[in-house]
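With the hints as your guide, set chain B onto chain A.
Chains as they are written, first to last, in my numbering: chain A, 3 to 375; chain B, 255 to 669.
Accuracy of the hints is not assured; some may be wrong.
[Stated by the list, open to error] Here's a subset of chain A near chain B, in silico, CB distances under 10 angstroms, partners left out: (1) 34; (2) 41; (3) 51; (4) 53; (5) 54; (6) 135; (7) 139; (8) 157; (9) 187; (10) 191; (11) 211; (12) 225; (13) 366.
[Claimed, not checked] In silico DSS-like cross-links for lysine-lysine, where the CA-CA straight-line distance does not exceed 30 angstroms: (14) A:66 to A:86; (15) A:101 to A:66; (16) B:424 to B:256; (17) A:86 to A:101; (18) A:236 to B:296; (19) B:296 to A:86.
Read the hints as simulated data drawn from the structure, not as lab findings.
We put the CB at the ideal spot given by N, CA and C, even for glycine.
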Amino acid sequence: MTDVRIWDGPSARPPRQEPELTRRSFLRTGAAALGGMAALAAALSPLRELASDDIPDLGQFLQKHYKEMTPTDMEAALERIRRKVEERFEVRPHLRDIKPMEGVEFVYALNLSRCIGCRKCVHACVAENNQSRSPEVQYIRVIEMPRGTLDVERGNHHYDRPTVPDPNHFYLPVQCHQCANPPCVKVCPVEATWQEPDGITVIDYDWCIGCRYCEAACPYWARRFNFARPHLPKEQLNPTMSYLSNRPREKGVMEKCHFCLHRTREGRMPACVEICPTGARKFGNVLDPHSEVSQILKTKRVFVLKEEVGTLPRFFYYFDERYPNSLDPEAVAIAHRLKAEEGDAYGLPPGPDGPRREFIAAAQPQWWNGGRA
Amino acid sequence: MKTYLTFLARCFRLSFVGDRRYYAWMFFLTVLTLLGINAYCKQLVHGLATTGMTDQVSWGFYIANFTFLVGMAAAAVMLVIPVYIYRNRELHDLVIFGELFAVAAIIMAMLFVTVDLGRPDRFHHLLLRFNFPISMLTWDVLVLNGYLLLNLHICGYLIYCAYRRRQPSKVFYIPFVFVAIAWAISIHTVTAFLYSGLGGRPFWNSAVVAPRFLASAFAAGPAFLILSLSVLARYTTYRVPEQAFLTLRNIVTIALSINMFLLGSEAFTEFYTDSAHGASARYLFLGLHGHNALVPWIWTAIGLNTVALILLFMPVSRKRSVLQAACIMLIVGIWIEKGMGMIVPAFVPSPLGEIVEYLPTWNETLVTVGIWAGGLLIYTILVRVTVPVLTGRLTYDQDFSAATGAPAELVTNHP
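This is chain B alone, in the form it adopts within the complex:
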């Protein structure tokens, strides 16, 4: 117990230490987070009228980001599967980075739901009168919290073992890994069911929503991991095997192809049928009765995803810089497609046929940016303390020798 607390204390101290770039990055994220907190305080005072949402479009940017982030969290599993099922040794340690990102993404997703609540002061009502299993939202609360705990346990245990230089005991993490694989798929499926179960919203009321969510998540999540591993490979001594990038690239390529295929299937069904149910799709892709706020968004997303897919299919994307460019494009593309392109059009036109458009307000955007910055802050700290542990530079033995008076290696990079 005492060693564990020492470990936590070391991690805490370590998160405040780094080079100039690290300080600049953390300072930047902290400023954005504070701006977000400030905007959220304004929202608490004036109500959700500070957002662009209305009775017609009653969910917007917050729920869009929530949906995207649940997918990013679920995608951590894409690294776990090759490692533990196909025994791909190369990726073994990298799983931890995927799961750390899952932790940060889940926290962000939960924050997005919380800021969307009209009465956050009544959060405890969830504990007192939980409409389970009828309401899909209660399922979401359960699976998201469960997933957070699972990932905290798995990566916390593995990192702590590395710190103690112990071989992790399989009983303590392998069963959890397999549960987490199934669980990851469940979190995004449940989130999709949240929407697809509503008969009054034809745009969402489609069986392809859950598969589409999974496909787009398994493209955007590993793409984000490629980016963060590139940063690690470049700026730290941590050695990322080339094989890892290639495996991830394959996963992204396949998932993105499936996602584009499912998007096409959906578009075909809506447009060829050409029934009244297609009004939302028409609003999204072409505009409806002169209202076309979302048209530039969705075509930007489709353009980015198409270019990314073409790049990924070509051998040139084995080059790191091209691969990174493709990843950035597809992350932005999927963020639009799944956020603004999935949530908002279901509300336009309203069930009574009224067209009210939605655009996020300035305050709402600041809250959103603040949550993203806060999440990246958490992820950066997690990675910051994990790298020295995994590379064997921060171990129990060193700390122990420090405790007995021997000079210990200082955790700093200042020469």
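So that you can see chain A by itself, here it is in the shape it has in the complex:
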């Protein structure tokens, strides 16, 4: 094989003249440049499908970080969001920026002896907080656990039984634990997520860059990412919303449970607490010694999940000592009544995990994944 050289030495041949610009070389260079531009334009062509609100307008582009906004800035941002919601949902939303209350630290307690696994909390949460219905985004995951273990790897996330509760299992609902030492806040490169004075870890959806480092850092799998443009039918929009909680999200940002701060900061209960048919869920101000949660923390043997990771959750679980081997019979009776009243709609399992893949199904070649969708 001869030595092919991309370079020949100056001494090899007498120096040649600088070539003149011939018509041929001009045409060739021109054609190459033109072909290159056409190929680039073709490559960029999918961008024509970008929705108009995928591209941030100047107001949003220049919007400051939540903590740097003056009241005037905030009013401008709220007005911009209201306008956007009105365009998309044809409803004028009641949107505010609700601040934390003085002397309040929220805590959650969940009585595992009374949870019947009906998933009403999951669906109430979705309705309250304007989560995407397609792809499905849910903040609460109820795990069906075999008795005698707290190892979540032995649980079932997709249980779908004709009747819950099953006597051989208990039900472990998990959502954001609003940790006092939150790893998700630590890792965020742009401070788009932080802990508020009342203990709620919030996200500025207009600041998040979508790197998903917080999602990797969370030991409770509490965070969700908008892999696609969230879809929410107009008639299902909850028009009462706040900046840091349930206003509609955009594609490419994180979201998670915020203890319904637009309700709880005005003295109401979170949607999941309100809907729970058995009263398994308790919520309140731990700084108030007379609150129900303070009493529970004092009198029940509460525990937290994964205590060893050192995140100091504000979400406590406990079993009722009166019923060591079964659920609270009163809760079971409520379950039977609900089943009789509501039939099939009750206890709906979560939809397929992750983003819906309509686009993928269309764009993916058949042979990729061996023909599976």
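Positioned in the frame of chain A, the structure of chain B alone reads:
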């Protein structure tokens, strides 16, 4: 200043000139890059739903390639150390090729992080509200950009001096070289800390991640250099000293042995302890509850690395072709081990014990291929303009004589 601009202009023109193979190679890379850009545009429109990632496995192919490439970039230092610390003259010029590759690898790594972002339009938020020093990702942004600048400076300065036929002034580059050595180790350490600092992911939460990353990088990086120097030695007039291949071969052999040892240590700890923390490792190596998407990947990687290591230990790998084969095997092996084998299993099972498997989609793969092609395009151009400068065929004197009207040597290989 004017001469510098002339130099840049010459380099730019030179990058469009070459023989048929050069054109074919560049055309091939350009097509792949355009396909990648096209796929990325689709991702911009439809969101990251075009990837195989889910809320359960929230990082995938992109971050895997990012991790691998940071290591490749860091490995440029393995050439620098023998040259500047042990004064190994033979390798002197070759350092430049290592650093040029570092430049291309860093650019690719940064592109991989960028395509992984859900909101690339908010990139400027990093400048406005930088969570330093708390977030390890901000450290990574700093060290990667710093490393890019350092390498651009060092090789840019040395090449420009060669162009001007000047002796490089030590003050302008020796201090930077020593900073770059420490910096190279830092970029990969910081990248490892990105993962090992997460208490909620037991698979990553191990002190051996950073040493393992360095060891595997110092095997794969020099292996890549062996391959690219072989191409230079074969297709250009640039003379690569035989000693260079042998030194690199030693580095690769030692680094790969350490890497295999650390992998074994990790596997022992996980499997002998047999605690719940080992679920991800079990998923990776053996499969978990019938889910075993990664099992063929990791055993392919281990097989390739083992064969490569055996070859490297035997005298037969002094032969160029055997050495090249071993290098290709170990690059692929480490790419799997450190990418799919390091990033994905940490997400399986999820922190709530759910098993959702991950495979890259077609679109995601095209974006990945596009970035690799773009990076190789950059590296090819950098090498293309560097070779004539270092061999003294492109110098200021020639350009100067061209400017004064004397016939200049044309930068072409067409006879």
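The hints, checked one at a time:
no.: 1; hint: 34; verdict: 9 angstroms, holds
no.: 2; hint: 41; verdict: 5 angstroms, holds
no.: 3; hint: 51; verdict: 5 angstroms, holds
no.: 4; hint: 53; verdict: 8 angstroms, holds
no.: 5; hint: 54; verdict: 12 angstroms, violated
no.: 6; hint: 135; verdict: 15 angstroms, violated
no.: 7; hint: 139; verdict: 8 angstroms, holds
no.: 8; hint: 157; verdict: 6 angstroms, holds
no.: 9; hint: 187; verdict: 9 angstroms, holds
no.: 10; hint: 191; verdict: 4 angstroms, holds
no.: 11; hint: 211; verdict: 5 angstroms, holds
no.: 12; hint: 225; verdict: 8 angstroms, holds
no.: 13; hint: 366; verdict: 5 angstroms, holds
no.: 14; hint: A:66 to A:86; verdict: 18 angstroms, holds
no.: 15; hint: A:101 to A:66; verdict: 18 angstroms, holds
no.: 16; hint: B:424 to B:256; verdict: 23 angstroms, holds
no.: 17; hint: A:86 to A:101; verdict: 23 angstroms, holds
no.: 18; hint: A:236 to B:296; verdict: 26 angstroms, holds
no.: 19; hint: B:296 to A:86; verdict: 24 angstroms, holds
Hints 5, 6 from the list above are not met by this structure, while the remaining hints are.
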